[in-house]
Each structure stands twice: as C-alpha cells, then as structure tokens.
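Sequence lines, in order, name chains A and B.
For the first sequence, the working numbering assigns the number 1 to the initial residue and increments by one for each residue that follows.
For the second sequence, the working numbering assigns the number 1001 to the initial residue and increments by one for each residue that follows.
Calculated directly from the structure, the hints in this document are not laboratory data.
Please note: incorrect hints may appear among the correct ones.
Computed from the model, here is a short list of chain A residues facing chain B with C-beta under 7 Å [what the hints assert, rightly or not]: (1) E132; (2) A135; (3) V136.
A few chain A residues that don't get close to chain B, going by computed Cβ distances all over 12 Å [to be verified]: (4) P40; (5) M134; (6) A159; (7) L177; (8) G247.
All residues carry an ideal CB built from backbone N, CA and C; glycine is no exception.
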Amino acid sequence: MVEWLARLGRAGLSFFQRLGRGHLFLLQILAGLPGLLLRPRLVIQQLYSIGVLSLLIIVVSGLFVGMVLGLQGYNTLVDFGAAQSLGVVVALSLVRELGPVVAALLYGGRAGSALAAEIGLMKATEQLSGMEMMAVDPIDRVIAPRFLAGAIAMPLLAAIFSAVGVWGGYFVGVGLLGVDEGAFWSQMQAHVDLYDDVLNGVIKSTVFGFVATWIAVFEGYDAVPTSEGVSRATTRTVVHTALAVLGLDFVLTALMFGNH
Amino acid sequence: MVSQGGESLLVQIRGLSFARGSRVIFDGVDIDIPRGKVTAIMGPSGTGKTTLLKLIGGQLRPQRGTITVDGQDVNKLRHRELYALRKRMGMLFQSGALLTDLNVYDNVAFPLREHTRLPESMIRDLVLMKLQAVGLRGARDMMPSELSGGMARRVALARAIALDPMMIMYDEPFTGLDPISKGAVVQLIHRLNAALGLTSIVVSHDVQETASISDYIYVLSEGKVVGHGKPEALRDTDSEWVRQFMQGLPDGPVPFHYPAADYVTDLLAGNG
Chain A
1 MVEWLARLGR AGLSFFQRLG RGHLFLLQIL AGLPGLLLRP RLVIQQLYSI GVLSLLIIVV
61 SGLFVGMVLG LQGYNTLVDF GAAQSLGVVV ALSLVRELGP VVAALLYGGR AGSALAAEIG
121 LMKATEQLSG MEMMAVDPID RVIAPRFLAG AIAMPLLAAI FSAVGVWGGY FVGVGLLGVD
181 EGAFWSQMQA HVDLYDDVLN GVIKSTVFGF VATWIAVFEG YDAVPTSEGV SRATTRTVVH
241 TALAVLGLDF VLTALMFGNH
Chain B
1001 MVSQGGESLL VQIRGLSFAR GSRVIFDGVD IDIPRGKVTA IMGPSGTGKT TLLKLIGGQL
1061 RPQRGTITVD GQDVNKLRHR ELYALRKRMG MLFQSGALLT DLNVYDNVAF PLREHTRLPE
1121 SMIRDLVLMK LQAVGLRGAR DMMPSELSGG MARRVALARA IALDPMMIMY DEPFTGLDPI
1181 SKGAVVQLIH RLNAALGLTS IVVSHDVQET ASISDYIYVL SEGKVVGHGK PEALRDTDSE
1241 WVRQFMQGLP DGPVPFHYPA ADYVTDLLAG NG
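Assemble the whole structure, with the sequences as input and the hints as a guide.
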C-alpha cells in the first residue's frame, strides 16, 4: 500500500516536473524567436521540410474527406429535399472542424513525429551538446526555427486541406450526384461567414499548430538520448498531439460557437 | 592563477563534488591545468571523466566546489558570459558530434559562420587551412555518414580549432580507432598543442598513447584523484592502485571479480 502510494507520488512529481520543463522550454523558444528575424533562411529551410513536404498527405486526405462529406451530406439532405444546401454542409464542416482538426492530426503524424525524432537523434548523437560547446545555443539555432516554421505552416496546411476538401465535395456533389452547380456555390457564399466561420477556423488551426509543434520539439529535446528514448519520444509526440488537439478543439468550439 | 610549482594555470578545480541522483561521481576533486601543456585525466571507464569535461565547459553544475577557467568562475557566469567563454574552448567529442545534415566543409565552417561576419572567401581559406592541418582537405565534400571513425574525429578536431581557441578538451580521443588512425590522432594532439600554443586536456583510459603525449597526468578513481604526476613518475609510483592501472594488470586493488556471494555457495544454491 505504502509502496503503491510512493509510486503514485513519484509519477505525479515527474509529471509536474515535465510540465514545468515544457513551459520553461517554451519561454526559451519564445525568447529565441526575435533573433530569427536576422536569419530568415533558417526558418525557410524548415518551412520546406515541415510544410511543403507535408503537402501531399494533406492534399490527398483533404480530397477524400471532402468527397466523403459530399456523399454523406447528399444522402442525408436529399431525403429532406435540401440537396441544394450541400455546399454549406461541406464548407462549414471543413472550415469549422474537419480542416483544422484532421490537418492537425495529420501534421502531428507526419511533421511532428519527424521533428521529435530528428531533434531526439541530434541529442543522442551529441550534436546539440556539441553546438553548446561551440557556443551556439541549440534552442536558438535548432529549436526556435523549427517551432516558428511549424506554427506558420500548420494554419496554411489546414487552409489548403479545407480548400481541397470543398473541391472534393463539389466533385462528388455536383459532378457525380447532379446537385445544381449555381445552388452549391451561392448557398455556400450566403451561409459561410468570414468572421464566425473562416476566422474561427484559422484561430483553431493556429492554436493547434502552436501546441502540436511545441509538443514535438519538447519531446525531441527532452528525449532520453538512446534509440529507445527517441522511439518513445516519437510515439508520445503523436499520442499527445492527438489528445491535445481533440481536447483543445472542444474547448475552442465551446468558446466560439457555444452561445449560438 | 599560479600553481604551487609557479606555472600559470588556465583551469583550476577546487573541492569539486558532483552527484547524479544518489550516485556520487566526484567527491572533493582538486585539479590544476597549466597553460600551454597537455594534461591528461585518466581512470577506468565510468569514473566520470566525460562528466568532468562537461563541468569545465559549464554544461553541468557541481553541487560543491569551484571551477575557474582563465580567471572566470564557470558556475557564476551568466548565459551570455558562459557562451563567450565557450567560444575560446574547443571540445572534441568521442563521437565527433558532427552535424549530420552538413558536409565536412560546412561542418568546419559552422562555428565561423555562427560567430563571425567574415566574407565567404575568407571562411573558405580558413576552412581549407584547418582541414589541411588534420590532413582531410581532400574530404571536404563528404558527408559525416561517409567518414570512418578516425576521419570523423579529425574533422571534429578541425572544427574545434576553427575559432582558434585557447584550449581544447579531448573526450576519449583514441577509443575505437585502428592503430594508424590512433597514431595520427596522437600526433595531431601533440603537434597542434605545440603549433597553436594551446592548452589541452585529454580524457582517456588508453595509457600508452596518453602517456606518450602528456606533460602531466591525473588518475581518477571512485570520485577521487588517486594519483598524479609526470608520466615517468607515475610509472614507478608506490601506489599499488595506480601501478595496476598504468600497467593494465587484471587483478590487484581493483579486483577482477565484481563483488558477489561465495562462488561455491552460489553454484550449490541452484541445486536446492
């Protein structure tokens, strides 16, 4: 019993220690961001490997999610004779929810895990320690550019996901199932609000990008410097990102759309 | 800082104690590193020799004691001052710690590009000079993954001297090298120290190689300095422990057997 309590206490302590380390780490990253203004090349390189290289999975997934939305939405709406509203259903689902959330989950799996593994391996092979001894702060040189690039790339990826998804819904709804093209677009135009829907979606994806990238770089930097430790850090990145994104999505949705 | 012998000291360690969790790694260690000399820190694996280098470089903090480098107390420095001091220290990691996404040339150029605003043409000259010094000017376009262990360590050495530091710390520079590479590294450490007017700290357990190039040797064991002196003096030491270490005898004060229950009792216990 005492043994069990002690183990619970130790687990609790180590959890809060990690939480504290994570927040101090975030402060150090934020302090390193202004220095990047002088060296935009570092950020651009990371934008390529984090953002551009994630494009394929984002575009393909967005297309299929949009097509499924078109199909399911049509089947439901046609019973009520409201197939004209298919554009609204597809666009609102994507812009408000599926765009930011699914893009963030994919981002965690594709870019977040890669970030954690890369940084963890740099730590395991003493590259970070070597930089410190060369008087180059690895947080400024390695972590901050990756963090900033991730935080910029994620909202853009979510926007691309939504745009491609809308096109997928259009392809199925208008192209295959015969919904009126004019109605599809004009209904969407009339019912999707720039501030209430699009801007809130952008805020969501920005928050997700911030949190997902923070988790990834912290897990990598805090990894136990062995192959086992790096593998655990990578797994934890994906799991924690998914949990954080879904949890935050509920909170943000409640704040944004709660009193409608 | 001046030692008792009247030499000028670059690094002075006093009463250093360091523990990882409940494991004591150093317990009241005093070490003097004179300027311009090669000082070796020796001891069996796991005595915290690498930890000592990290303490000198300010990557770890001791629980007690002071470490003074060039007149500055490493643990009282602020972030910026510590980084300024590190620019004047080079460190050669056992693994080389080369940046795997950069080729040999860019690895050596890395500290120059980070810390200076030299034009690219001058960086090129400097990089080629450093690579020439370690004999790898021809390997400048190779990636770290294509290098052998000995080559990687020489590239790392070229990178460590890129900013013309006042001292270099070598972490196990001879471990895992073939005899030819080992000879090359031994000679490089010796030559660079003389030619560049460096101060070198060599952490190693390779007795022959280290003794051949060092001016002074400290032997560490179980958190304490168990012997120190010039290499010749240590060879004919009175301390049985140091003799066992320097001559590589399998049994002595450090027993061959890890502490265990009585052998016969242990074997018979399985039959019960």
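Original post:
Which hint numbers doesn't this structure obey?
Top reply: Violated hint: only 5; rest satisfied.
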